[in-house]
Amino acid sequence: MERPFAITLDVGSSRANHTGSWRVERPVYVDRLPPCNDACPAGENIQRWLYHAESGDYENAWRTLVEDNPLPAIMGRVCFHPCETACNRAQVDEAVGINAVERFLGDTALAHGWSLPAPGPATGQKVLVVGAGPAGLSAAYHLRRRGHAVRLVDSAPRLGGMLRYGIPAYRLPRDVLDAEIARIVDMGVEVGLHETVTDIAAAREAAGADAVFLAVGAQLGKRVAIPAGDSAKVIDAVSFLHQVADDDPPLLGRRVVVYGGGDTALDAARTAKRLGATDAVIVYRRNREKMPAHAEEVEQALGEGVTVRWLSTIERFEGERMVIEKMALNAEGFPEPTGEFEELDADALVLALGQDTDLSLLEGSDVAVADGVVQVVDSMMTDVPGIFAGGDAAPSNRTATVAVGHGKRAARGIDAYLAGRVDERPPRHALAEAGRLNTWYYADAPRTERPELERIRRQTNFEEVIGGLTEDNALFEARRCLSCGNCFECDNCFGVCPDNAIVKLGPGERYAVNYDFCKGCGICVAECPCGAIEMVPERI
Amino acid sequence: MTEPTATRVHFYQVGSFAVGNRLLSADDRTVQSNPARTNSIDSGHRACQGCGEALGARYALDAAMRATNDRLVAVNATGCLEVFSTPYPETSWRIPWLHSLFGNAPAVATGVAAAMRVKGRDDVRVVGQAGDGGTVDIGFGTLSGMFERNDDVLFICYDNEGYMNTGVQRSAATPPAARTATTDVVGPEPGNVFGQGKDLPRIAMAHDIPYVATATVADLHDLERKVEHAMEMRGARYLHVLVPCPLGWGSASSDTVRLARLATESGLFPVFEAEHGVVTGARRIRRRVAVEEYLRPQRRFAHLFSGAGRPDVVARLQAMADANIERYGLAPDEGE
Chain Y
880 MERPFAITLD VGSSRANHTG SWRVERPVYV DRLPPCNDAC PAGENIQRWL YHAESGDYEN
940 AWRTLVEDNP LPAIMGRVCF HPCETACNRA QVDEAVGINA VERFLGDTAL AHGWSLPAPG
1000 PATGQKVLVV GAGPAGLSAA YHLRRRGHAV RLVDSAPRLG GMLRYGIPAY RLPRDVLDAE
1060 IARIVDMGVE VGLHETVTDI AAAREAAGAD AVFLAVGAQL GKRVAIPAGD SAKVIDAVSF
1120 LHQVADDDPP LLGRRVVVYG GGDTALDAAR TAKRLGATDA VIVYRRNREK MPAHAEEVEQ
1180 ALGEGVTVRW LSTIERFEGE RMVIEKMALN AEGFPEPTGE FEELDADALV LALGQDTDLS
1240 LLEGSDVAVA DGVVQVVDSM MTDVPGIFAG GDAAPSNRTA TVAVGHGKRA ARGIDAYLAG
1300 RVDERPPRHA LAEAGRLNTW YYADAPRTER PELERIRRQT NFEEVIGGLT EDNALFEARR
1360 CLSCGNCFEC DNCFGVCPDN AIVKLGPGER YAVNYDFCKG CGICVAECPC GAIEMVPERI
Chain L
29 MTEPTATRVH FYQVGSFAVG NRLLSADDRT VQSNPARTNS IDSGHRACQG CGEALGARYA
89 LDAAMRATND RLVAVNATGC LEVFSTPYPE TSWRIPWLHS LFGNAPAVAT GVAAAMRVKG
149 RDDVRVVGQA GDGGTVDIGF GTLSGMFERN DDVLFICYDN EGYMNTGVQR SAATPPAART
209 ATTDVVGPEP GNVFGQGKDL PRIAMAHDIP YVATATVADL HDLERKVEHA MEMRGARYLH
269 VLVPCPLGWG SASSDTVRLA RLATESGLFP VFEAEHGVVT GARRIRRRVA VEEYLRPQRR
329 FAHLFSGAGR PDVVARLQAM ADANIERYGL APDEGE
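Protein chains in written order, with the working numbering: chain Y, 880 to 1419; chain L, 29 to 364.
Rather than coming from a laboratory, the hints here were simulated on the basis of the structure.
Note that the structure is a prediction, hence the values are computed from the model and not measured.
Backbone N, C-alpha and C fix where the C-beta goes; we use that ideal spot for every residue, glycine too.
One thing to keep in mind: the hints can contain errors.
Restraint-style ranges between C-beta atoms, simulated for each label pair [stated by the list, open to error]:
#, chain 1, residue 1, chain 2, residue 2, range
1, Y, 1250, L, 333, 54 to 60 Å
2, Y, 892, L, 151, 22 to 28 Å
3, L, 318, Y, 1181, 41 to 47 Å
4, L, 343, Y, 969, 34 to 40 Å
5, Y, 1310, L, 209, 42 to 48 Å
6, L, 221, Y, 936, 41 to 47 Å
7, Y, 936, L, 226, 50 to 56 Å
8, Y, 1322, L, 343, 29 to 35 Å
9, Y, 1322, L, 309, 19 to 25 Å
10, Y, 1419, L, 230, 46 to 52 Å
11, Y, 1208, L, 343, 45 to 51 Å
12, Y, 1310, L, 343, 37 to 43 Å
13, Y, 969, L, 333, 31 to 37 Å
14, Y, 1351, L, 146, 56 to 62 Å
Turn these sequences into a full structure, and let the hints guide you.
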């Protein structure tokens, strides 16, 4: 071959030089568990549905969401969103408004009439679900998707359980509740209302059920012995809210005292206010920091004119006079009586001191009960094969979202039980901690607040308090997601590699490392915004 | 209901900072996010792990290739970039590329531009490139001449603040207090001296050439925009790119981009642009940091922090950063 003067070799490419041999560590792509997903009691893949919402593909986002939770419009209103508490963005500016986007997706689905996925092919097996609250509804949905026939029974005249009879309409409008329940029933769920199960074994037999899911909730308001005169009006909060939900509110008078510090106490006080009480006073034995109710609920109640007597217990209630005793927190943070008394004018007392679950239907069965709740293993199965339990009737922190998660887990467990399999959950990825993120790359963007109804308006009616997001700000909010721990294809690794050793595989396919040329410098790991790459030692 | 909060429709999660974004239109994405980018410097080059110069040169030249529809000739001075890319008979260059001597790259670039003009090939554009040694020291005379004649060349300096390929000697771009092989950490003022060195972007501005800009490998969008803008112009243009050097700076190879970012966020390296001698824009600091945060990860400044440290020297460097912030108006926008 002819070569120019003094040239003895052909021009070669540096690609012949495999610089990958310099490497002592190699970058590998990983997936980590985002803290929102980790914290979601319903086991939603929040980051995944936000990913679809970010591109405006709300239907796909909703479809991903309902893989785990069939009640997004409801949960987008009543969930206390532990996902947002866990959100890493809180350490950048403010947490992503996941709950608001969930509600937006739920409402959009209802507006467009999107239907839930079709039931799976029939298995010929049947499950009796006792209790049509969030746990029962969730179980019914997931069981139908797996092709099992479902009979859903409830002693109330309507479906929904505590979603209907415990949560006031200003937090959960009834048309939303009805629409999401109807969508589940439309999957071919056999419904039995006004059916009180008194004997679990007999009910299983009568229904011809291969398995039972017990989700009877905690419907009994706890009582406490307070000396009260004959004329004193005392009612428990569960009954109170139930009667209001039935459009048959009790007459409580103008001055209503609510005893307790949980969310139910706030619901009762806010409801009393809406029914016309001039004074709605919560009496709580500890202080605000120790109050179990969620902070934003407290904030809203106070904004509506509900007042709270902190560090107080009720001594007695006679006629229109209530005597309360001041308390003081001791060194351990427990309230102790001080012997100091005060008087309070009151027409009625609502007791919101927690709820018990009515498990009389288990009498004569071998289902183990401890601390007033049914004992279950990981698959939600009780001691009796084929009988599962969940929601407030099982050990939990008693929120609607936990109940939805229980329903889903129980459906998995039941499905495995019916197929004679052992229910094994896939191992979880390591958590995507905030420290692994490179937050430089995220644009600054404060959270979009949902519009709140003018305070004055919500003191007199049951209109919904929290408004929804518009499409524009739902999109904005979804895009605030940092995609912690999972590649969202920002091209940073592809761009910052000085050796062109990252291969872009195309939309949705992410990237690969060309180890022939990767020198192991680690810039891709350092500059990955979401911490989805890590360096591992090279085997030498 | 109260009014919903105002929305910003152009918020794209990482739109303005990361290399790419699936939500952006193709036109708004960086050249580097495109799998069909030129890759002007190919894989297999012998630059150190985490080399900022290899990265900066690819960023700049790929952007110039797109801006000129691939009609580009690059002229290279001697230096790391030349040595690591072309050990005979291999080459990493996927663009027409020419190397002559250490000190004459601007003159050679001028010659290439003149040759193209004579041949009637106005479509072919010329980029000259060198490290800081080839630019501020050895090639300074020919560069100044190129500026003065307003030759149609974009000259790019990849500034890693020293002669790195020959063993980390001081250049006129080495910062004060930095340790190099020729500025040892001895005596009352250890490391490189204060009050010397050349600020080449300002010297270039003093030539009143059409365009002068600075950039770093930490802000790709800014760098690509400046290259593109430069290629829209004719005449002498100068781009000064800060490219951290893990070897010479004694930093972790993974810290290259981070250090460039800290250099700008501390104010030590001002990112700005100027046309015909007048500053027309500066990139404001987004998350201001003290110079110490930039200095500490670099072993060339380790003597400022060992033992009792040299807070007095750090304070002098901080004063330089503060002066830059003042001079170019780099302070973060308080409105945000």
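Status of the hints after comparison with the structure:
{"no.": "1", "hint": "Y:1250 with L:333: 54 to 60 Å", "in the structure": "holds, 58 Å"}
{"no.": "2", "hint": "Y:892 with L:151: 22 to 28 Å", "in the structure": "holds, 27 Å"}
{"no.": "3", "hint": "L:318 with Y:1181: 41 to 47 Å", "in the structure": "holds, 42 Å"}
{"no.": "4", "hint": "L:343 with Y:969: 34 to 40 Å", "in the structure": "holds, 36 Å"}
{"no.": "5", "hint": "Y:1310 with L:209: 42 to 48 Å", "in the structure": "holds, 46 Å"}
{"no.": "6", "hint": "L:221 with Y:936: 41 to 47 Å", "in the structure": "violated, 60 Å"}
{"no.": "7", "hint": "Y:936 with L:226: 50 to 56 Å", "in the structure": "holds, 54 Å"}
{"no.": "8", "hint": "Y:1322 with L:343: 29 to 35 Å", "in the structure": "holds, 34 Å"}
{"no.": "9", "hint": "Y:1322 with L:309: 19 to 25 Å", "in the structure": "holds, 20 Å"}
{"no.": "10", "hint": "Y:1419 with L:230: 46 to 52 Å", "in the structure": "holds, 49 Å"}
{"no.": "11", "hint": "Y:1208 with L:343: 45 to 51 Å", "in the structure": "holds, 50 Å"}
{"no.": "12", "hint": "Y:1310 with L:343: 37 to 43 Å", "in the structure": "holds, 41 Å"}
{"no.": "13", "hint": "Y:969 with L:333: 31 to 37 Å", "in the structure": "holds, 33 Å"}
{"no.": "14", "hint": "Y:1351 with L:146: 56 to 62 Å", "in the structure": "holds, 57 Å"}
In this structure, only the earlier hint numbered 6 is contradicted, and the remaining ones agree with it.
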